[in-house]
Amino acid sequence: MDGFCTVVTGAAGGIGSVLVRRLAAGGGKIVAADIDGARLEQLFGADGRVARSAGDVTTDEGFETLLRTIADNSCGVCGFAHFAGFDAPAPLALAKPETFSALAAVHAGFPLRFLGWMSKKANRVRGASAVLVSSAAAHGGAKGHAAYSAAKAAVEGLTRAAAAELAPYGMRVNAVAPGVVDTELSRAWTGKLDKEQLDALAKAHPLGIGTPDQVAAAAAFLLSPDASWITGQTIVCDGGFSL
Amino acid sequence: MDDFISKAADILECDVAGADFAFRDAPDWNSMKGFALLVMIEQDYGKRATIEEFMNCRTVRDLAVLAGAAE
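For the record, the sequence lines run as chains A and B. Just so we're on the same page, this note's numbering is the position in the first sequence counted from 1, plus 7. Just so we're on the same page, this note's numbering is the position in the second sequence counted from 1, plus 7.
You can trust all of the hints, since none of them are fake.
A few chain A residues that don't get close to chain B, going by computed Cβ distances all over 10 Å:
(1) Gly21
(2) Gly34
(3) Asp79
(4) Gly148
(5) Ala161
(6) Ala209
These stretches of chain A come out as covered by chain B in the derived footprint (C-beta under 8 Å, 3 or more residues):
(7) 87-99
(8) 195-204
Worth flagging that the hints you see were computed from the coordinates, not collected in a lab. A virtual CB, placed ideally from N, CA and C, is assigned to each residue, including glycine.
Only chain B is shown next, with the shape it has when bound in the complex (with noise of 0.2 Å):
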């Protein structure tokens, strides 16, 4: 999860407290950032996420359970 995490803050461009920060409320956040996330899951996860799963993910930890990264 800490790598997870990590990855994610590097996407968003801002410190990420835990599992549990809700992405889209970083500062600057775009659709392109959003985009970025998609990606990062897929080349680093091997998983391919729907806009509607991805849709659904409102933390971080959300999106490492679509990226089958949470521990």
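Here chain A stands alone, though its shape is the one from the complex (with noise of 0.2 Å):
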């Protein structure tokens, strides 16, 4: 769509990246958000369709740098995917509420806050599409994640709502929910894990572990007019994990 554009968070993360680089070379003008700004100039700082956002979207100075980047580029919102986010992996002995509530902020928090903004009037987009992050988590009873599992079980509560607000102006939201994907992200706690649980955990994705490109494919699916009939709907993409 012409003059509008596709806000990415967590863009200088593994699948994030992979999203922003497929929607560009779509020929779509994109919003890259994160909050590690010098990888987010490194990936994308040569890339002229990618407009670049730093700061944490959970607080309101990170937000309002984001609508500032988005007026900058003078461009209407058709398109936000919400890939920001953390993994705080506890066992439930050790599990803290404030860890809650940062996954929380970040995972269902700011996507309300930003769909609110897409929700006004003056920035509707008919077509616009958002596509959220839930997680196999959140439907499998993954040990050791239940902070996460909560935080991203509220995204597909949030991707409902928000999808039957949304509907009667021609806005859709979506969800995908991944199973264990090899980014930086994963690897921070698989590399807790030890060689009984890393096999279980590979034995448990018949399909195998999954990559950046096959979680960004089903989001840019969800993004792209194909998917125009398609809302408030999660896509499990977890490579078998939930069979």
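Grab the two chains, each in its own frame, and use the hints to assemble them into the complex.
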């Protein structure tokens, strides 16, 4: 859509960066947001199709920076993919409420706020599509991920409620729920697993551990007009983990 | 060291007689308890240990050294 952009958060991360490249290659204008400004510049500084917004989008300052970047590029937001996030694995006995609050803020709180901004009359774009990121952990009872699973379950509730509110304006909201994907984020906790646990994890994904491209492809589909009759859905993208 | 032993005992859910206790000999030992020890070391002592470092530990004292909590 000419004069419009897609906002991708977590754009310097494993899946987000792949999605940005994929969307930019398709001719779209992208606003790439990430907490790691240096990495954003490194990845996309030379790409004129990608505007960069560095900051923590869960803070007022980071949120305003993102909106300013959108305004500076004079684009309406026709796409939103929220890949920013983190995990803080801990067994239930060591899980902390403040960790859950931080996880909920980034996984569900920020998209709640941004979708609210997109829903305002001045910002609405008919045909716009948002893709949030849940996780197989929200469905399958992932040991050691109670806080993360709860935050990701919140994403799915938000997806359905926002989809219902935005459908009358021709706007769609969906989510992807990946299994374990080989990214820096997942390696931070798989590095804590012993061989027995790693073998079990691999075995639990009959099609293998996922790659960032596989999840980015699902997100790109949901963002595209090819998914124009799909809203409020969570697409499980987990290599058979949930079978 | 006493504080570290106390935290290890809490995770292992058994009496830990002293720093020389071989933590994998704890009743009901499983890999989840190993994971919990690693998380405790990171959360409480700010030390992100690798699985290789952890696998080289045998006693609670070894873990405390890893955490920088040994006296």
